[in-house]
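Visitor: Those protein sequence lines, which keep their order, are chains X, L and R.
Be aware that the first sequence starts at 1, since it is given in the numbering used here, and climbs by one per residue.
Be aware that the second sequence starts at 1, since it is given in the numbering used here, and climbs by one per residue.
Be aware that the third sequence starts at 1, since it is given in the numbering used here, and climbs by one per residue.
In case anyone wonders, no lab produced these hints; they're calculated from the structure.
Below are the SDA-like pairs computed for lysine to any residue, each with C-alpha atoms no more than 25 angstroms apart in a straight line:
(1) L:Lys231 <-> L:Glu200
(2) X:Lys31 <-> L:Gly62
(3) L:Lys71 <-> L:Leu113
(4) L:Lys217 <-> L:Arg53
(5) L:Lys231 <-> X:Val106
(6) L:Lys117 <-> L:Ala141
(7) R:Lys50 <-> X:Val62
(8) X:Lys46 <-> R:Leu76
(9) X:Lys31 <-> R:Tyr73
(10) X:Lys27 <-> L:Arg111
To list a few chain L residues with every Cβ distance to chain X over 12 angstroms, as calculated:
(11) Asp29
(12) Asp44
(13) Cys61
(14) Pro85
(15) Glu130
(16) Gln198
A partial selection of chain L residues facing chain X, derived with a Cβ cut-off under 10 angstroms:
(17) Pro20
(18) Pro92
(19) Val98
Every residue gets a Cβ at the ideal spot worked out from N, C-alpha and C, and that includes glycine.
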Amino acid sequence: MSYHSRVDRRWATRRAANPEYEPYHPKWHRKRVPIFWWLERPAYTKFITRELTSLAVGYAAVLLMVQVWVMARGPGAYERFLAILASPAIVTFHAVVFLFLLFHSVTWLNLAPQALVVRLGGRRVADRVVLAGHYVAWLVATAVVAAYLLWGVP
Amino acid sequence: MASSITLQIRRYRPEDEREPVWESFEVPDRPEWMVLDGLNYIKDRLDGSLSYRWACRMGVCGSCGMVVNGKPVLTCATYLSALGPDPVRVEPIKGFPVIRDLVVDIEDFVRKLESVKPWIIREKEKPLSEGEYLQTPEQLAEYKQQAMCINCLLCYSACPIYALEPDFIGPAAIALAQRYNLDSRDEGTEERMDILSQHEGIWCCTFVGECSVVCPKDVDPAGAIQRYKVKATTDWFKSVLLPWGKR
Amino acid sequence: MWALFSSGGMLAALVLPALTFVLWFGIPLGWIAAPSYEALVAEIGHPVAKLVLLGVVTLSLFHWGHRFRYTLYDGLQLSHLYGMIATVCYGGAATLSLLAAWVLWTFP
Chain X
1 MSYHSRVDRR WATRRAANPE YEPYHPKWHR KRVPIFWWLE RPAYTKFITR
51 ELTSLAVGYA AVLLMVQVWV MARGPGAYER FLAILASPAI VTFHAVVFLF
101 LLFHSVTWLN LAPQALVVRL GGRRVADRVV LAGHYVAWLV ATAVVAAYLL
151 WGVP
Chain L
1 MASSITLQIR RYRPEDEREP VWESFEVPDR PEWMVLDGLN YIKDRLDGSL
51 SYRWACRMGV CGSCGMVVNG KPVLTCATYL SALGPDPVRV EPIKGFPVIR
101 DLVVDIEDFV RKLESVKPWI IREKEKPLSE GEYLQTPEQL AEYKQQAMCI
151 NCLLCYSACP IYALEPDFIG PAAIALAQRY NLDSRDEGTE ERMDILSQHE
201 GIWCCTFVGE CSVVCPKDVD PAGAIQRYKV KATTDWFKSV LLPWGKR
Chain R
1 MWALFSSGGM LAALVLPALT FVLWFGIPLG WIAAPSYEAL VAEIGHPVAK
51 LVLLGVVTLS LFHWGHRFRY TLYDGLQLSH LYGMIATVCY GGAATLSLLA
101 AWVLWTFP
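Looking at chain X on its own, in the form it has when it is part of the complex (with noise of 0.2 angstroms):
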């Protein structure tokens, strides 16, 4: 039983004995967390909307996926799938979807130094080193993502 069910059942006794024990009732204020929570302050909107940008990556995931689908069934298939691909509507989709992956990119990233920390030597390697390496790794990422892709296996 929590403490203050505890208290409040105390009170509720002592009550029932004593009826002018009412006025001394603890009657502790606990407010209810409003559902809109989140817009009360920016850097919890700010921290919502960085949750959600598992939304983009779990639909990024799938449409590479339906992608692979549709290459297996043929040059045609995948053609017209191009063409879907750059029609107004769909890009300007994909353009608010990429925005959303690179928040989580860059959101991702910048939380690395203060989740990992790193010690060579006895001594801790700064914040900034480590945000740097990890910029690093996705320029290299990035890199050979592209390369791989447009020039495939050498």
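Given chain X, put chains L and R in place with the hints provided.
Guide: Just chains L and R now, kept in the frame of chain X:
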């Protein structure tokens, strides 16, 4: 005529009203005053029934935490003049039941702090004749940041998860558990892991990060929690993949 | 579970922007010299590429599942529906991952 600044206080008098109300007071706008000085002025000269906690008035006891203009701060460390000229809103810290005016009940935090055993746990204590435990500066640096915690509960006020999940242990309790886990003199990491690795322990945390932003002592509880998540995960993998190793 | 989330998040952060930029904008809109259909099939059909792609997709899906579950708990205060939400999030991620594995397995 000396200028004055308006303090809007969230009053709650359980014997008179069911809901908290805002009440305004005019206090002198002195450049060297903190919000706490304004509250003391109100209590001394305007309304002696105002209830609030404070002690050291220099930012080390952790008693005077309140939400000022929406931000959890130590009122003894926040300049009143920096917040003017608009009315300065003072409320009790969020996430805890309000007993009266600006005083909250912190029993929930105390209970959770005790559950993580924030003391040195050792198999066998060294007898006094053998002298003190020695620690190098590097070993001290491992846990020093988390040792700065003054239990002011500003991080609990800032943490949205603490307000939403009633059983979440919370940033300061986990940071203090880490302070002892990382202490070279301590041998109780496993004992604390039982409480911390529950869902209401570290896994409730979604790294909002506001706790570290508002911490007046730069304890960085968010970082401590994430690092503990990494450690708990790698320990779990090690125990599964290398079960013959030292547990 | 958190391990899946965090590794998925790191992989997604490093790799998805480049992948999606090339595949959703570069090639369809003709901003870059697109490789031929045969070349692309060969690239994706390489066993190592298939494994890497499967890894990225699976971990990204579990990253979404774990994170979205907590977003629903905290953002919309739906933690009382924990059974249904866990099933949809993790079950959905697992099902889609199996589908992805099948797609890649049967890829020429």
